[in-house]
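Engineer: The numbering of the sequence shown is my numbering, which starts it at 1283 and goes up by one.
Because the hints were derived from the structure by calculation, they are not lab data.
It cannot be assumed that every hint is accurate.
To be verified - Below, simulated DSSO-like cross-link-like pairs (lysine-lysine); rule was C-alpha separation at most 30 Å, straight line: (1) 1313 - 1296; (2) 1421 - 1300; (3) 1300 - 1495; (4) 1421 - 1433; (5) 1495 - 1481; (6) 1375 - 1421; (7) 1433 - 1495; (8) 1433 - 1351; (9) 1421 - 1296; (10) 1375 - 1296; (11) 1313 - 1481; (12) 1481 - 1421; (13) 1375 - 1351; (14) 1300 - 1313; (15) 1300 - 1375; (16) 1351 - 1313.
Claimed, not checked - For each label pair, taking beta carbons as the anchor points, the in silico distance ranges come out as: (17) 1374 - 1502: 35 to 41 Å; (18) 1529 - 1434: 42 to 48 Å; (19) 1320 - 1486: 26 to 32 Å; (20) 1502 - 1315: 20 to 26 Å; (21) 1330 - 1389: 33 to 39 Å; (22) 1487 - 1389: 41 to 47 Å; (23) 1351 - 1435: 40 to 46 Å; (24) 1350 - 1289: 44 to 50 Å; (25) 1374 - 1334: 44 to 50 Å.
Just so it is clear, the structure is predicted and the values come from calculations on it, not from any experiment.
Just so it is clear, CB atoms sit at the ideal spot from N, CA and C, and this is done for glycine as well.
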Amino acid sequence: VAEHNQDKVHAQYKTWGKRCDRFVAFTNTSKVRGVPAANIVEVHPLFGDGDNNVWQKLRLMMQTVRAWKDFSTFDFVYIGGDDTFFIPENLRKLVNEPHYYYLHRMGVPFLLGHRMVSSHDGAAFVSGAGFVLNNISAKMLSHLVDGSRCKPDVVGGAEDLLIANCLQEYGVQPMNAADEFDEDRMHAFGPGSMDHVVKTRAMGSWWYPAYRKRPIPAGLGILSTYTISLHYIEPHDALAIAEHLYEKKKVA
């Protein structure tokens, strides 16, 4: 989180951060407006705090959390940028579904999100509104980021590809978080922008179909009933979504 994006972090904490078992904002400042100090970790990665140094930020995040005494007590970790909206209740539902529940209980590490396939080399990765690690894969990644096979000296914003490549070196394959109807639960975009693009853009001129490798959803099919995360969400959108999800239920 950059200092100029504090409003985004405040909106995240206010709308969904309090619903997590633990919410932590990794940022280049020790104070974020409206967020308790206990929920902030100041970090300064190698090669600077710039927006195009996301991989080094994520490496430092993983190195930091592996030193936490209670790190092993978290069964699942969701990691997302400051423009994501997360619904923890729906992640709890997903990880209790038989497939994921038994994988986790058997000690199988996994990387879960909006699965894509690189149009350049065919490598699978998860991208968009964050990703989910179970504690086995989180522990693995927290140590693997130090190794030469996980490109510790790279500077860039392709952290989604680098994470997937790093874990795949050790047998962890990216999994798609679609529901039983093959509707997305973790999204590359927000629902409004996705609907607009699907209706107005010629598919051949858009980068997304080349990476998705699956049918492009439209209409009500854009969102699963049990959506976990959305991408490119501004603070005013986060407040509106939270009101729709939580406050209107109270009135009803």
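Engineer: If a hint holds in the structure, say so; if it doesn't, say that too.
Structural biologist: Against the structure, the hints:
Distance restraint check for residue 1313 and residue 1296: the Cα-Cα separation of roughly 15 Å lies within the 30 Å cut-off, and the hinted pair is therefore satisfied. This hinted pair checks out: residue 1421 and residue 1300 have alpha carbons roughly 24 Å apart, not beyond 30 Å. Between residue 1300 and residue 1495 the CA atoms are separated by roughly 35 Å; this puts the pair beyond 30 Å, and the hint is violated. The suggested pairing of residue 1421 with residue 1433 holds, with an alpha-carbon distance near 18 Å, which does not exceed 30 Å.
For the hint pairing residue 1495 with residue 1481, the CA-to-CA distance comes to about 19 Å; that is within 30 Å, so the pair holds. For the given pair, residue 1375 sits about 23 Å from residue 1421 by alpha-carbon distance, which is consistent with the 30 Å threshold. About 27 Å separates the Cα atoms of residue 1433 and residue 1495, which keeps this hinted pair within 30 Å; it holds. Restraint check for residue 1433 and residue 1351: satisfied, since their Cα atoms lie roughly 27 Å apart, inside the 30 Å limit.
Under the criterion of a C-alpha separation no larger than 30 Å, the hint pairing residue 1421 with residue 1296 is consistent with the structure, at around 28 Å. With a C-alpha separation of about 22 Å, the suggested pairing of residue 1375 with residue 1296 holds against the 30 Å cut-off. As the CA atoms of residue 1313 and residue 1481 are separated by approximately 42 Å, the hinted pair breaks the 30 Å bound. Of the pairs offered as hints, the one joining residue 1481 and residue 1421 is violated, with about 42 Å between alpha carbons and a cut-off of 30 Å exceeded.
Under the criterion of a C-alpha separation no larger than 30 Å, the hint pairing residue 1375 with residue 1351 is consistent with the structure, at around 27 Å. Between residue 1300 and residue 1313 the alpha-carbon distance is near 17 Å, which keeps this suggested pair within the 30 Å criterion. Of the pairs offered as hints, the one joining residue 1300 and residue 1375 holds, with about 18 Å between alpha carbons and a cut-off of 30 Å not exceeded. For the given pair, residue 1351 sits about 23 Å from residue 1313 by alpha-carbon distance, which is consistent with the 30 Å threshold.
For the pair residue 1374 and residue 1502, the supplied restraint of 35 to 41 Å is violated, since their beta-carbon distance comes to about 24 Å. Checked against the hint of 42 to 48 Å, the pair residue 1529 and residue 1434 passes, with Cβ atoms roughly 45 Å apart. Distance hint for residue 1320 and residue 1486: a CB-CB separation of about 49 Å, inconsistent with the stated range 26 to 32 Å. Distance hint check: the CB atoms of residue 1502 and residue 1315 are about 36 Å apart, inconsistent with the given range 20 to 26 Å.
Range check, residue 1330 to residue 1389: about 38 Å between beta-carbon atoms, so the 33 to 39 Å window is met. Between residue 1487 and residue 1389 the CB atoms are about 45 Å apart, so this pair conforms to the stated range of 41 to 47 Å. Hint check: residue 1351 to residue 1435, Cβ distance near 30 Å, so the stated range 40 to 46 Å is violated. In this structure the supplied range 44 to 50 Å is violated for residue 1350 paired with residue 1289, their Cβ-Cβ distance being about 27 Å.
Between residue 1374 and residue 1334 the beta carbons are some 34 Å apart, a value that contradicts the proposed interval 44 to 50 Å.
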